[in-house]
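Engineer: Produce the complete structure using the sequences and hints provided.
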Amino acid sequence: MMNTRTRIIFEELTQIQQNWDLSSAQMADLLHVSSDAYANWIVAGRSTGAAEHAFLDLDAAESVISIHRRLSQCLPKPQEQSRWLFMENKDFDGRRPIDIAMSSLDNLYWLNYYVGSSASAVSGASGGQGLTQSAIRTAPDERSIS
Numbered sequence: 076m077m078n079t080r081t082r083i084i085f086e087e088l089t090q091i092q093q094n095w096d097l098s099s100a101q102m103a104d105l106l107h108v109s110s111d112a113y114a115n116w117i118v119a120g121r122s123t124g125a126a127e128h129a130f131l132d133l134d135a136a137e138s139v140i141s142i143h144r145r146l147s148q149c150l151p152k153p154q155e156q157s158r159w160l161f162m163e164n165k166d167f168d169g170r171r172p173i174d175i176a177m178s179s180l181d182n183l184y185w186l187n188y189y190v191g192s193s194a195s196a197v198s199g200a201s202g203g204q205g206l207t208q209s210a211i212r213t214a215p216d217e218r219s220i221s
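Here this note's numbering is used: the first residue of the sequence shown is 76, the next is one more, and so on.
Be aware that one or more of the hints could be misleading.
[Said to hold, decoys possible] Only pairs whose alpha carbons sit at most 20 angstroms apart, straight line, appear in this in silico SDA-like list of lysine to any residue:
1. Lys152 with Glu86
2. Lys165 with Cys149
3. Lys152 with Thr89
4. Lys152 with Gln90
5. Lys165 with Ser193
6. Lys152 with Ser98
7. Lys165 with Met177
8. Lys165 with Glu155
9. Lys152 with Met162
10. Lys165 with Leu150
11. Lys165 with Ser192
12. Lys152 with Asn182
13. Lys152 with Arg171
14. Lys152 with Ala100
15. Lys165 with Ile175
16. Lys165 with Asn182
17. Lys165 with Ile140
18. Lys152 with Glu87
19. Lys152 with Asp168
20. Lys152 with Asn94
21. Lys152 with Gln92
22. Lys152 with Leu97
23. Lys165 with Tyr188
24. Lys165 with Gly191
25. Lys152 with Ser110
26. Lys152 with Ser141
27. Lys165 with Ser178
Please keep in mind that the hints were generated in silico from the structure rather than gathered at the bench.
Structural biologist: Printed below as a string of structure tokens:
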């Protein structure tokens, strides 16, 4: 039987994957686990409720969930959140937030901090492409990971 914390994490991560239109491989990269480990975790969670035995790093999962919740506060539509994640951002030297998060666990944690506490992320005041409606509307929809 899956404990409450793990059940919530499982449900939120599957919703995030759907909302952000991520493949299982992209979701595994975001969580810093192998594609096989992520696939096994999904199967275990759906079929037996035993996902807590298959998942490797709940800290990474909680960071992804936190990023999602914080983005949802600024950008309520999932497609806006996804577009922000996949667009090049001046605050990240032209890199995409999704690439930053996937590059290392430390960078995933840093992006969580950035989204949660950076005034420029919320207002776009830094001259970067923060979390603003106008930045989202004018950004191209570039979904491939480089």
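Engineer: So, for every hint listed, does it hold in this structure?
Structural biologist: So, going through the hints one by one against the coordinates:
no., hint, verdict
1, Lys152 with Glu86, "18 angstroms, holds"
2, Lys165 with Cys149, "19 angstroms, holds"
3, Lys152 with Thr89, "17 angstroms, holds"
4, Lys152 with Gln90, "13 angstroms, holds"
5, Lys165 with Ser193, "14 angstroms, holds"
6, Lys152 with Ser98, "19 angstroms, holds"
7, Lys165 with Met177, "18 angstroms, holds"
8, Lys165 with Glu155, "18 angstroms, holds"
9, Lys152 with Met162, "16 angstroms, holds"
10, Lys165 with Leu150, "19 angstroms, holds"
11, Lys165 with Ser192, "17 angstroms, holds"
12, Lys152 with Asn182, "24 angstroms, violated"
13, Lys152 with Arg171, "19 angstroms, holds"
14, Lys152 with Ala100, "23 angstroms, violated"
15, Lys165 with Ile175, "13 angstroms, holds"
16, Lys165 with Asn182, "16 angstroms, holds"
17, Lys165 with Ile140, "24 angstroms, violated"
18, Lys152 with Glu87, "16 angstroms, holds"
19, Lys152 with Asp168, "26 angstroms, violated"
20, Lys152 with Asn94, "9 angstroms, holds"
21, Lys152 with Gln92, "14 angstroms, holds"
22, Lys152 with Leu97, "15 angstroms, holds"
23, Lys165 with Tyr188, "17 angstroms, holds"
24, Lys165 with Gly191, "18 angstroms, holds"
25, Lys152 with Ser110, "27 angstroms, violated"
26, Lys152 with Ser141, "16 angstroms, holds"
27, Lys165 with Ser178, "17 angstroms, holds"
Checked against the numbered hints given earlier, this structure breaks hints 12, 14, 17, 19 and 25; the rest are met.
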